[in-house]
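Note that the sequence shown ends on residue 140 in our numbering; no numbers are left out.
Any given hint might turn out to be false.
What the hints assert, rightly or not - Keeping only pairs whose Cα atoms sit at most 27 angstroms apart, straight-line, the calculated DSSO-like set for lysine-lysine is: (1) Lys-126 - Lys-51; (2) Lys-73 - Lys-135; (3) Lys-56 - Lys-44; (4) Lys-135 - Lys-56.
Said to hold, decoys possible - Here are the computed distance ranges between Cβ atoms for each label pair: (5) Ala-6 - Asn-27: 31 to 41 angstroms; (6) Phe-41 - Leu-20: 31 to 41 angstroms; (7) Gly-63 - Asp-88: 34 to 44 angstroms; (8) Met-1 - Lys-126: 11 to 21 angstroms; (9) Asn-4 - Ala-114: 33 to 43 angstroms; (10) Ser-125 - Gln-2: 47 to 57 angstroms; (11) Glu-131 - Arg-47: 40 to 50 angstroms; (12) Val-109 - Glu-22: 19 to 29 angstroms.
The hints are simulated quantities; they were obtained by calculation from the structure and are not laboratory data. As the structure is a prediction and not an experimental result, all values here were calculated from the model. Glycine included, every Cβ here is placed at the ideal spot set by N, Cα and C.
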Amino acid sequence: MQFNQATDYAFRVIMHLAELPEGELANSQAIAEEQNIPAGFLQKIMRSLVKGELVKSYRGVDGGFVLAMPSEKISLLDVIEVMEGPLDLQRCLKEDSACTRGGGAKCSVHASLAVIQADFTMALSKVNFAELVGKNKEER
Numbered sequence: 001m002q003f004n005q006a007t008d009y010a011f012r013v014i015m016h017l018a019e020l021p022e023g024e025l026a027n028s029q030a031i032a033e034e035q036n037i038p039a040g041f042l043q044k045i046m047r048s049l050v051k052g053e054l055v056k057s058y059r060g061v062d063g064g065f066v067l068a069m070p071s072e073k074i075s076l077l078d079v080i081e082v083m084e085g086p087l088d089l090q091r092c093l094k095e096d097s098a099c100t101r102g103g104g105a106k107c108s109v110h111a112s113l114a115v116i117q118a119d120f121t122m123a124l125s126k127v128n129f130a131e132l133v134g135k136n137k138e139e140r
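All chains, please: the whole structure from these sequences, using the hints.
This is the structure in structure tokens:
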């Protein structure tokens, strides 16, 4: 399992915005340059983050982007789900009818993957961007 490039860039965008003083706007050109994200691709990512209500967009000459909520309320899982949709390790975890054996929840592989998915999802939900920004500052 691997997250797509847009999700990686979205992590960078949220980190960038989380590092700014509260309420300070960042324009897309600055984000693209500082985070090394192609400008055209950044527009697509920003649309997704705004639609997913993680980022607010302000138009105009003095416009830009800001987090829609405090960075401690935005988790890695939030960004992943906005960019990629619900996290499903195996299609049978989403719908029992997807099991070609017809086993669904009775299948030992299904049961094991369900536990792994729940643990993985929980771990991702516990990592927020305020913590990540703090770790970045410690490393500098």
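Hint check:
no.: 1; hint: Lys-126 - Lys-51; verdict: 22 angstroms, holds
no.: 2; hint: Lys-73 - Lys-135; verdict: 16 angstroms, holds
no.: 3; hint: Lys-56 - Lys-44; verdict: 14 angstroms, holds
no.: 4; hint: Lys-135 - Lys-56; verdict: 25 angstroms, holds
no.: 5; hint: Ala-6 - Asn-27: 31 to 41 angstroms; verdict: 20 angstroms, violated
no.: 6; hint: Phe-41 - Leu-20: 31 to 41 angstroms; verdict: 21 angstroms, violated
no.: 7; hint: Gly-63 - Asp-88: 34 to 44 angstroms; verdict: 36 angstroms, holds
no.: 8; hint: Met-1 - Lys-126: 11 to 21 angstroms; verdict: 19 angstroms, holds
no.: 9; hint: Asn-4 - Ala-114: 33 to 43 angstroms; verdict: 24 angstroms, violated
no.: 10; hint: Ser-125 - Gln-2: 47 to 57 angstroms; verdict: 19 angstroms, violated
no.: 11; hint: Glu-131 - Arg-47: 40 to 50 angstroms; verdict: 27 angstroms, violated
no.: 12; hint: Val-109 - Glu-22: 19 to 29 angstroms; verdict: 47 angstroms, violated
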